[in-house]
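Enquirer: If you're matching them up, the sequences are chains E and G in order.
Heads up: the first sequence is residues 1 to 327, going by this note's numbering.
Heads up: the second sequence is residues 1001 to 1513, going by this note's numbering.
Everything labelled a hint here was simulated from the structure, so no lab data went into it.
Backbone N, C-alpha and C fix where the C-beta goes; we use that ideal spot for every residue, glycine too.
One should not assume that every hint holds.
Pairwise CB distance ranges, derived in the manner of DEER restraints [stated by the list, open to error]: (1) His-310(E) x Arg-1124(G): 26 to 36 Å; (2) Arg-309(E) x Arg-1384(G): 51 to 61 Å; (3) Gly-1116(G) x Lys-308(E): 23 to 33 Å; (4) Glu-311(E) x Thr-1254(G): 52 to 62 Å; (5) Arg-1074(G) x Arg-96(E): 21 to 31 Å; (6) Thr-108(E) x Met-1334(G): 35 to 45 Å; (7) Ser-1278(G) x Val-101(E): 46 to 56 Å; (8) Val-299(E) x Arg-1384(G): 48 to 58 Å; (9) Gln-1388(G) x Arg-96(E): 34 to 44 Å; (10) Thr-108(E) x Asp-1134(G): 43 to 53 Å; (11) Ala-1226(G) x Ile-306(E): 52 to 62 Å; (12) Tyr-294(E) x Asp-1134(G): 39 to 49 Å; (13) Thr-1222(G) x Ile-306(E): 50 to 60 Å.
Each chain, letter by letter, is given below.
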Amino acid sequence: MIDIIATFVKQAIIQGVPLLYGSTGEIITEKSGNLNLGIPGIMYIGGISSVIGAYFYESSGVELNPVLCVLIPLFCAFFGSMLMALIYSFLTITLRANQNVTGLALTTFGVGVGNFFGGSLSSLFGEGGSISLIRTGECFKATLPFADKLGLFGKTFLSFGFLAYLSIIIALVASWVLNHTRVGLNLRAVGENPATADAAGINVTRYKYLATCIGGGIAGLGGLYFIMDYIGGAWTNGGFGDRGWLAIALVIFALWKPKHSILGSILFGGLYIVYLYIPGLSRSSQEIFKMLPYVVTIVVLVIMSIRKRHENQPPASLGLSYFREER
Amino acid sequence: MAEKPVAIELKNITKHFGSVVANHQVCLKVHEGEILSILGENGSGKTTLMNMIAGIYYPDEGQIFVKGEEVSIRSPKDAFDLKIGMIHQHFKPVDVLSAAENIVLGLKEKGRYDLGRVTEEVRRISAKYNFEIDPTKKVYEMSVSEKQTIEIIKVLYRGAEVLILDEPTAVLTPQETQKLFAILRNMRDDGKAIIIITHKLNEVLSLADRVAVLRKGEYVDTIETAGANEAILAEMMVGKKVALNIARSEPKNTQDRLTVHSINCINREGVKVLNDISFTARAGEILGIAGIAGSGQRELLETIAGLQYINSGEIVYHDPKTGKDEDLCHKTPMQIRELGVRLSFVPEDRLGMGLVGNMDIVDNMMLRSYQKGHSMFLKRKDPRTLAQSIIEQLEVVTPSAATPVRRLSGGNVQKVLVGREIAASPTVIMAAYPARGLDINSSYTIYNLLSQQKENGVAVIFVGEDLDVLIELCDRILVLNSGRITGIVDARHVTKEEIGLLMTKTEESAANE
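Between the sequences and the hints, there should be enough to build the whole structure, so can you do that?
Expert: Right under this line is the structure:
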């Protein structure tokens, strides 16, 4: 029994990591007042960018260096998704396009681009049309060598690739920056009340651009983790599923606090796979269980709307463009 | 006061907004350790002038000297660097942050970000000038007066030596006002130069050392408050009467149409915006409403139209068709409109509550008549005829009736709005600032329309800001002052100074006379 629970917890954490990257990135973005619904597309791009980077490195014929095996996909994922966030920023901040429409368009675009390159790459692989970058995947999956020797604790909590720990570190750092630094204070002010921030001498445009792009880059690492660590270096079109939307739901569940989203991601990850651990479920009732994270999010939204605590509300100017002249 | 050094001097400052002159050749001096009050009616250019010192606007002509040196202030940051800080009228601290966080917002101080040290510094400033503030309290838990305190400390924290306050007492209770004044006096004694914009005469007299008066963008004079009284200031503020030649007929067959009995109204912030208001509007008469902006004009009209909840009192409508009395307090806005009470409310943004900017003239006509007819499809024929007749009769300049309203000029928008309300043959018309932002000719068209309606036996309620117009257009003028009626006067036998005094004086000063 205890073994089953331990495996479940481990699997929940594994499922939670991409969600944590996505939600941390989206929280940073939303704190600047930008509601980036392009996150699913951005995470998808993060995944395919890492595959492209890894493919060219693996097929370049040089002796593979494990450090480069990790760094190349990592940078590709980060900058590929950052580029997507830059498109979003340019459209919504500079051109003041509607944020919801832009975000949804970016999600559709990102999935399309991902599938296009996925398709082209698989035709390059030829044999069966599946892409597999096992050696890169192995580098990402590498765990602490002594983890297995530490019994149940080691197996459950120390047996992940480094990206899992990095996701928690990034969430903690984001939380610290938001609450304990000048930059964080200014960023929160921009998302709450850009006119006041502007009057106080804060460069609203710069804060919005940087927060959105960095947030996008972090979210893209979720795609990287999914492809390289969880799957182990194989790409299939559409394999990422609805994890991007789940990450956005997690932002609401975590009440816009990166610290909360660490535990939230594990809970969501657990709810996402709990149907595998309940025996005797039919195909259709499995789908009901897969909805649980969204149900939980709706419940949280209802409770928050009733309680109306100011700390738990979204940034006040979330989703609104800022025009200095319109004050 | 001659021995005190000059903190800021303005020489021949002129500022235009398009063709409107906001400030014309204004000269002004403020010394260190002095409170200077800037007095003037709405739209006399007080705030514009101060915004030029604070770096929000840049003057078209003229020079600004700070401590004897000519400076160019191009942004609020430049102003801060010169140790000038302004507390704006509509300040908005960030709700979810604490007082201390709001105060350091945007500052690039050296060293680590340490909220504890900031809190200490805020406490020190508070103790020095007697502010009552908890630096760790969140802004959303604060009263308006506490939020204002934050704004003042924010400016002091940045080391300001010159403080400009734009109508700081507009949002405060009398007790809070007294506290603020005590603090301002402390600061003056500390050697800071303070400029306070206000239109409340008693505040000027009790607080300021000197007062500079602006009238319609022109600088009138600066006098010492020691030798001034309310009558002198009111006359300086409103100026001599200007003849306008608006055609005004004697009221005929007047009868009571709308009686308001002691209504009280408290707004969401808990401020009493209407206090024991009673009056009667008569058919065949124009009742003017005068008052400083925000004295309760908007709330008064909205209560009559059924848009505002009133806490007590009643509004009785004497229906000329049935001869019955109807209580408007328990009717929906729709029912009130059906009775013939029409609100042509024109807030600052002009399109606000009356018209939908993106819809054309015909569709805007239908906003009032869409419920007529029984089929599920809209009938466009009647509204189209109405739109055409308004365009022809009121000479609305528009490419066609299908042009979106927001593309029309201000005067034409106003004509469409007033034309639509008049077309419904109302029994009461309420117009708030219908001529705001219009050129002379359009204004006269509107005034004449209202006069015609009066001759047709409609009870007209006209909220205006230009006293000359009110005196020439109306039959009686009701003066509002902070939610109270301070007088209902006969417009034919009243002077501008008398209305000016009623608009600005407070109860205490009224009791003293």
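Enquirer: None of the hints should be skipped; say for each whether it holds.
Expert: Checked hints:
1. His-310(E) x Arg-1124(G): 26 to 36 Å: holds, 28 Å
2. Arg-309(E) x Arg-1384(G): 51 to 61 Å: Once the Cβ atoms are compared, 52 Å apart, the range 51 to 61 Å for Arg-1384(G) and Arg-309(E) holds.
3. Gly-1116(G) x Lys-308(E): 23 to 33 Å: Because 30 Å falls inside the window, the suggested range holds.
4. Glu-311(E) x Thr-1254(G): 52 to 62 Å: holds, 59 Å
5. Arg-1074(G) x Arg-96(E): 21 to 31 Å: Given a distance of about 25 Å, which is inside 21 to 31 Å, the answer is holds.
6. Thr-108(E) x Met-1334(G): 35 to 45 Å: Roughly 44 Å apart at Cβ, these two residues keep to the hinted range, so it holds.
7. Ser-1278(G) x Val-101(E): 46 to 56 Å: Given range 46 to 56 Å: holds, Cβ gap about 53 Å.
8. Val-299(E) x Arg-1384(G): 48 to 58 Å: Between Val-299(E) and Arg-1384(G), where Cβ atoms are some 51 Å apart, the hint holds.
9. Gln-1388(G) x Arg-96(E): 34 to 44 Å: Holds, at about 37 Å.
10. Thr-108(E) x Asp-1134(G): 43 to 53 Å: holds, 49 Å
11. Ala-1226(G) x Ile-306(E): 52 to 62 Å: holds, 59 Å
12. Tyr-294(E) x Asp-1134(G): 39 to 49 Å: This hint holds: roughly 41 Å between Cβ atoms.
13. Thr-1222(G) x Ile-306(E): 50 to 60 Å: Check passed, 57 Å falls within 50 to 60 Å.
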